[in-house]
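Visitor: Sequence:
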Amino acid sequence: MLNLEEGKHEPVLLTIIRLLRWHKPEGRLILMIPALWAVFLAASGKPPLPLVGVIVLGTLATSAAGCVVNDLWDRDIDPEVERTRDRPLAARTLSIKVGIVVAIVSLGCAAALAFYLNPLSFWLSVAAVPVILLYPGAKRVFPVPQLVLSIAWGFAVLISWSAVTPNLSPATWLLWGATILWTLGFDTVYAMSDRADDQRIGVNSSALFFGNYAPLAIGIFFVLTVILLAGLGIFTHLNFSFWIAMAIATIGWSYQCVTLTKPDLANSEYGLMFRQNVWIGFILLAGMIAGSLS
Numbered sequence: 001m002l003n004l005e006e007g008k009h010e011p012v013l014l015t016i017i018r019l020l021r022w023h024k025p026e027g028r029l030i031l032m033i034p035a036l037w038a039v040f041l042a043a044s045g046k047p048p049l050p051l052v053g054v055i056v057l058g059t060l061a062t063s064a065a066g067c068v069v070n071d072l073w074d075r076d077i078d079p080e081v082e083r084t085r086d087r088p089l090a091a092r093t094l095s096i097k098v099g100i101v102v103a104i105v106s107l108g109c110a111a112a113l114a115f116y117l118n119p120l121s122f123w124l125s126v127a128a129v130p131v132i133l134l135y136p137g138a139k140r141v142f143p144v145p146q147l148v149l150s151i152a153w154g155f156a157v158l159i160s161w162s163a164v165t166p167n168l169s170p171a172t173w174l175l176w177g178a179t180i181l182w183t184l185g186f187d188t189v190y191a192m193s194d195r196a197d198d199q200r201i202g203v204n205s206s207a208l209f210f211g212n213y214a215p216l217a218i219g220i221f222f223v224l225t226v227i228l229l230a231g232l233g234i235f236t237h238l239n240f241s242f243w244i245a246m247a248i249a250t251i252g253w254s255y256q257c258v259t260l261t262k263p264d265l266a267n268s269e270y271g272l273m274f275r276q277n278v279w280i281g282f283i284l285l286a287g288m289i290a291g292s293l294s
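With our numbering applied, the sequence shown corresponds to residues 1 to 294, in that order.
Each hint should be verified, as a subset may be incorrect.
So the derived label-pair ranges between C-beta atoms look like this [claimed, not checked]:
| no. | residue 1 | residue 2 | range |
| --- | --- | --- | --- |
| 1 | THR261 | LYS46 | 37 to 47 Å |
| 2 | PHE240 | TRP123 | 30 to 40 Å |
| 3 | PHE240 | ILE201 | 45 to 55 Å |
If you're looking for bench data, these hints aren't it; they were derived computationally from the structure. None of these values were measured; they are calculated from a predicted model. Beta carbons are placed, not taken as given, at the ideal position from N, Cα and C, and that holds for glycine.
Let the sequences and hints guide you as you build the complete structure.
Guide: Listed below in structure tokens is the structure:
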């Protein structure tokens, strides 16, 4: 049984909500966005509503499981990082046993939803699980762990697209590539706030790997994202609504790239730019939906 007294300063339910990061919805939404991009584009803007519901709930369950697995991996590292030291497993306000139970329940919910999908989507969901489980360990052995996270994000595109049309088309791979590059961009931004702590404790990140060239690398990732999304728009014959959204997204990413070149940027600015990418993603989603409708 779960120990209901484990949260020292708050009810255990609220502590579990913090473990799942449901008090920070932007991290949950930013995984949902590429999944919704895929399901709406594959269905020409009119996917079945039950499928959209499964995709939404599936991304929530999957991201919840990912957060808990990450915190289990990092329970002895997070106390050394200013941004993460108050996470429940790091602060020891929840036990490892509770964390494991919550992770299993979250993965179980995601698995139950996956049975709604067709065989290709189901097996893609299964293939994503090792990436989700092993990503937190990547920062210990791989110089650019954000690439592993990006691949995990890419599965959201493949699973959602194939759930509509049980095959993967060239358009799917354009969207997959754009998602990989977008994720590399915004997660490198996010990692920049932890550079000093990560270097001190000896873990890897793309922000450390690119060093002083991190703003340039982020700019390249965003430029390539724009190119692939533009190719997607042309390939799928999206109308002017998509191109308006693309223009807004391009302006937003350009502004972020300019901001990143400023010296002595406060750590809060990196978090702000991460949240801005959620809005950019939803603007693109609206453009894709409207651009798909004749």
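Visitor: May I ask which of the numbered hints given earlier this structure violates, with the numbers listed in increasing order?
Guide: Structure breaks no hint.
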